[in-house]
Each structure stands twice: as structure tokens, then as C-alpha cells.
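A.B. asks: Here's the letter readout for the chains.
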Amino acid sequence: MTLLHYLTVSGILFVIGLFGALTRRNTIGILMSIELMFNAANLNLIAFNRFLYPERLDGNVITLFIIGVAAAEAVVGLALVVTIYRNLNTIYSEDFNLLKG
Amino acid sequence: MLEHAYLIPIIPFVTSLVILLGGKEGKDSKMPYLGIAAMGWCFLQSSVLFFRALSGRMPLEAGKEFFLHQRFPWLEWGENLRINVGVLVDGPAVTLLFVVTLVSLLVQIYSLGYMHDDKRKKRYYAYLSFFTASMLGLVIASSIFILFACWELVGVSSYLLIGFWFEKPGPAYASKKAFITTKLADCGFYVGLLILFCYAGTFDLVSLKSYIAQGLLPVEVAKAVGIGFLIGAIGKSAQIPLFIWLPDAMEGPTPVSALIHAATMVVAGIYLVARTYFIFTAAPTTMGAVAWVGLFTAFFAATMAITAYDIKKVLAYSTVSQLGYMMLGLGVYGYTAALFHLTTHAFFKALLFLGAGSVIHAVHTNDMREMGGLYKRMPTTAATVGIATLTIAGLPLLSGWWSKEAILHDVYAVSPGMWVVAVFTAGLTAFYMSRMYVLTFLGAPRNEEKHSHAHESPLTMKIPLWTLAVLSLFAGGILHYNGLFEHLVHFKLPEGSHGSHHAPAYLLPGAAIFVFAVGVGLAYKLYSGSLETAQQLRGKLSIAAETLEQRYYFDDFFLGLVKLSDKLATACYWIDSRIIDAIFIDGWALVLRALAAVNDFIDSFIVDGAVDGVGTITQDAGWGLRKLVRGQVQEYLLYVSLAVAVFATFMLSR
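Residue numbers (this note's numbering), protein chains in the order written: chain A, 2 to 102; chain B, 26 to 679.
In case anyone wonders, no lab produced these hints; they're calculated from the structure. These figures come from a predicted structure and were not determined experimentally. Positions of the beta carbon are idealized from the N, C-alpha and C atoms, including for glycine. Mixed in with the good hints there might be a few duds.
Unchecked claim - These stretches of chain A come out as covered by chain B in the derived footprint (C-beta under 8 Å, 3 or more residues): (1) 19-27; (2) 91-99.
To be verified - Derived pair list, reagent style DMTMM-like, types lysine to aspartate or glutamate, alpha-carbon separation capped at 20 Å: (3) K401(B) / E474(B); (4) K517(B) / E90(B); (5) K201(B) / D645(B); (6) K49(B) / D142(B); (7) K193(B) / D392(B); (8) K652(B) / D96(A); (9) K101(A) / D645(B); (10) K201(B) / D581(B); (11) K652(B) / E95(A); (12) K101(A) / E660(B); (13) K52(B) / E192(B); (14) K201(B) / E177(B).
Please work from the sequences and hints to get the whole structure.
C.D. replies: So this is what it looks like as C-alpha cells:
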């Protein structure tokens, strides 16, 4: 198990997340895809920490922060989805076009 | 008394305002009595001054030639322009004060009768007071500037009084003529005044006199100033060629004519020359000019009087002629003689006018051909006017004789040639005055209807007549006695100005008596019977007579001047509107309009185009860019991802 394996998994995860975020119509799906990208980044950080600087904790600590921030982001994102649903009666992202020029 | 001399002009001035603003207008107005009372006070004060000065009981100021000189600062602008207001009382001023107040008082009393049924009596008396006040101010002013102001006031009030019956066209025209003519001459006075002030820096007569006595004024400047003042005097004192207003001024009420001719208006010019005599003596050329103007005026005015049939016109020409005498006297260094003649002339000319007024009042016409034989109907008038006629004609030992002889004496000393003309003029005077008297009072009535309605005037008109008659008889003799007047005027001839000619003792009085006798006799012979002889004579000399009746065409001359200037003005207007306006105004406007069009093009297409272009481009760019913003969150995300991908590729491949 080398660094390259970890990075490959992480890259695949990120691209899946990005693809989901760009293509999902459902807002909740988009949020889930974003979580995938977060986790790809986390995996990346852990892997670099583990293989390049095993004596330090920087990568682990930042990963913990990111997990916290991601939880908060999920809360805010879901609250927004609920509010949008109440107002517009839909959660499909192509219907949110109030800022259309 | 003396130190309050300033009251003499102020009282009538205030009175005129009171009369004008207070009281009730109408035939029964009581305001005339106020005017008479005020003038009475002024007369009392003036005559006290006059008699005290005459009897030598009023001391001159130490080492000076005047009795009183008061000055108060009035206007001050900076260091150089200071104008004082004040009074200067000397011999001539005292004399004039006496004469003016006396004549004005008598005229006002006389007007009670003459104007008794005039509807605007209050206004008339206000004007009379104002007129007199202006003249008294002129007489007493210590500064030429104030003198000039009063001079103009005299002009204004004469305008008001000559045009008193302004609803008739004649007086309205005459008043305008008098005002404009004298105003024309005033320009000369004013210019002279300014030149004098530029050099001397003061208007005060006493300061000016000492300034000139020190020889500080260049002769050329003195000449210019003197000529300017002479022009002013020519207008005001009706000398040739500006005498034309005076005969027309007869349109005013007759007492006003008396006032104008005897005391207030026309003597102002003579008085101006006398008051500023030191300027004239400083430049002998101007003295010559004064003398010649006087001589011409005296002679030509006398000839014009010969053919006039209007009683007041005869008197008007006679005034012009006598004023010419005074001017002549001043011009030949006969300062005392001229002022003496001014004084006596005031008495008999006022008397003549008041007498003529009395006649006109009785027969309601000015034309002497309608009169004749009036002595039976109006004995007082006939007697008093007779005295005045003899006085002005020069009967020995009456007032006029003394003063005229004094002038003739001075004239002879300077130039016997001038003296011949002057004596001949005296003969003419005797002739036309006797002609006037004979035509009016003697002979048979030529108009029975008017004659039968004639009546003697009321007492208010008789009193002034008698007073003036007494003065005409004796004033000259009394003033001449012991050199009384000479002493009063106190005039010292400048060095080297004494005339070189000495006449034999019998020549001067002899010639005067001779021309008097010839003149009176000729007039009596020609006019006492029917007018046929005179008419035949006129027929034979029709060209000469016509010239005289037309006043030597002076009026036509001035009217021609006016018409000429009118034509010139029209021509100037044409040039102005058709040439100057067309080229410089309209043409310039065309050029400017073309320039403006170019400017407009530049402004709207280039400057504005640039400004608008920036705006338009920005707007269009905005419209274009707006299409990109579609409101699709995932699209934005796609752009971000692509950008990151591109930048990442770019950075990693370096």
C-alpha cells in the first residue's frame, strides 16, 4: 500500500463528487456530492501526513477541522434547502434562477 | 445783522416751500401775504446793511475789501476736493441785495393787483419767492460753485415763471426757449468753472482772488476761463447772439418780466462778470471780448426796439441794450460805472415794466397801435412811466443820466470809436423809449373801444409805481453825490489799465444831451400825430425795417442751426443703421453664427460623440455580458471547475 494507491482512490472519489455536483438536479444530491469531495480532500491530507511526515500531526488536525466545518456546512445547506422548498415548492436546482441576468 | 446775512436767501427759500406745500390754492389764497411779509423782512435786513455800508458805518474786515466772509465746509472728498458753503458780503453784493429785495418786494405787492383773479395765485407767489431766493443766493454766495448752483436755480425758476400760463402754447414755447438757450450758455460757464478749479483747486472767491493776484494762474488759462464765464453771462444776460430768449420771455406775467429784467435773472450775467472780475483783468483779451460783446448788443438791440409795436417787446429790447451797456462798461474797466448802471437800471426798468403791466391790465392788449391818449385815463401810470422813460432816455440829473455818463466816460477813455457808437445808441434809446411813450400815452386814442374801457390801476399797483418813480428820479443823483457809490463798491483799477484818452470837459455831457434831445424830438414829431408819416418812412426803408422786425434773423439763424443739426442727426442715424449696423453689427453676427455652427458640429459630433460613445460601449458590453448570467448554480460551478482545471494544467505543466 503506497501513497499512490491512496491518491488514486482520493482522485476517483473527488471526480465522482465533482461529476455528481455538476450533474445532479436534486439539491440534496448536490450536497451529498460536495461531501464526497470533502472526504476526497480529507483522504488526501491523511495520506500525505502518513507517508511524508509521519512524526507530525498537521494533516490529521486539519482533517478534523474539515470534518467539523463539513458538518456545519451540511446543517446550513439542508436548512437552505428546506427554506427554498417552502418558498418555491421545489428542490431542483435549475428552478433557482432569481439571479438570472 | 451782518453776521446773519445768510438768512436773506434762506428766508424766501423756506417761504416758497411753505407757500407751495401749505395753504389753499385759489383766488382768495392768503399765502401771497406770507410771501410779501418774508420779502419785507429780507428787504429790511438788506436795506439796513446797504445804508450802513453806504454811510461807512459798517467796517470792512481788517485789510480786506469785504465786510463779511463766512465759510463752512460742505463737501469733502479727500485732500483736494473741498467745497465750502458760505457768504461773501462786499459792496456790490450789498447793493444787489438791496436792489433785488426791493424790486422783488414791490413786484410782489404789485402782483396782488395784477394777478388778483388768477386761479393759481399761491403757486405764483411760491415761484416768485423761489426766484428771488435763487438770485439772492447767487448774489451772496462766497463760492463760485454755490453761485453756479444758484445760477441754475435762477434758470429753473425763470422757466417756471415764464411758462406760468403753461396752458397757452406761447408761454410754454417761450419758457422752453429761455431754458434751453441759457442752458446752452451755461455749458461755457461750467467748463470755465472746471478749468479754474483744476488749476486753483478752490471755488472760494476770496482764495481765488489772492491766487490770481499772486500771478499763479497762467494768462492762457485765465483767458479760457474768462471766455467760458463770458459765454455763461452772454446767455443769462441776453447778449448777442444768445439774446433771442428774452423777447419771447415776455409771454410770462408782466410783473415777472419786471423781476427778470430789473433784478433777478438778466443781471446775473453782469454780476458774474463783476464777481469774477479779477479773472478778466488778469487776461486783457477777455476784457476786449466783454467790451465788444457789450457794444454790439447795446447797438443792435436798440435798433431792434425801433420797429417793435409790442410794448413789452420794446422794453425787452431796451433791457438787452442796457445790459449791453453794462457789459461794455465792464469791458472798459468801468467796474463801478457798470454796477452803478445796473442799480439805477433796476429801478427804472422795473418801473417801466410795472407801468406797462398796468397799461396792459387796463386795455388788455400789448399792441401799441391799439393804444394812444391813455394819459387821460391813467394819470398815475402815465406820470410814473413818463419819469422812467425820461430817466432811461437820459434826461440830465435823473438816475439814468449819471450812470450812463459814467459808463460813457470810461468808454471814451479806452476808445473814442466805441464811444461814438455808444453815444449813438444812447440817442436810439431816447428815440425808441419816447416812441413807446408817445404811442402809448400821448396823442389821440386809436382804439376808442379799448380806450373807453381803460381805467387806472388799483392802489396795490400804484404804490410800487410811485416808489420806483421816486427812486428813478433821485437814486442816481444821491449815489453819485460825493462818490458815495464809488466808495461803496471800493474798486481799485489794476495797474496800467487806465484809458489814455481824455475828452474835453464839455464833450461828453454835450453829446449826451444832444442825442437825447434829437431822439426825443424825432420820436415826438414822428409818432404824436397819426401813424402815417411813420408808415411811409417804413415803406421807404422796407428792407431795413424788415431786417429789424425779424431781429436781424437771429432766430432764423438759430432755427436753421437746429434744423441743420436735425438733418445731421438724420444722416447720422442713416449711417448708423444702414452702414455701421449693417457691417459691424449684422455682418459680425453672420460671422459669429457661422462660427457657432462649426462649434456646434464639433461639440455635438466629436465631444459629445466621445462621451456618448463610452457610455454606449459600456452599455452594450453590459447587455452582452448579461446573457452569461443564467442563474444556474451548477453552470457557475462548472466554470469554476474548468478554470481551476485550466490553471492547474497550466501551472503543473511549467
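A.B. asks: Each hint: holds or not?
C.D. replies: To see whether the hints hold, each was checked on the structure:
1. 19-27: Since three or more residues must qualify, the claim that chain B covers the stretch 19-27 of chain A holds, with 4 doing so at under 8 Å.
2. 91-99: Satisfied; 5 residues make the cut.
3. K401(B) / E474(B): It holds: about 15 Å lies between the C-alpha atoms, which stays within 20 Å.
4. K517(B) / E90(B): 10 Å, holds
5. K201(B) / D645(B): 80 Å, violated
6. K49(B) / D142(B): 15 Å, holds
7. K193(B) / D392(B): Holds. K193(B) to D392(B) sits at ~19 Å (cutoff 20 Å).
8. K652(B) / D96(A): Holds. K652(B) to D96(A) sits at ~17 Å (cutoff 20 Å).
9. K101(A) / D645(B): 18 Å, holds
10. K201(B) / D581(B): 17 Å, holds
11. K652(B) / E95(A): 16 Å, holds
12. K101(A) / E660(B): 12 Å, holds
13. K52(B) / E192(B): 18 Å, holds
14. K201(B) / E177(B): 14 Å, holds
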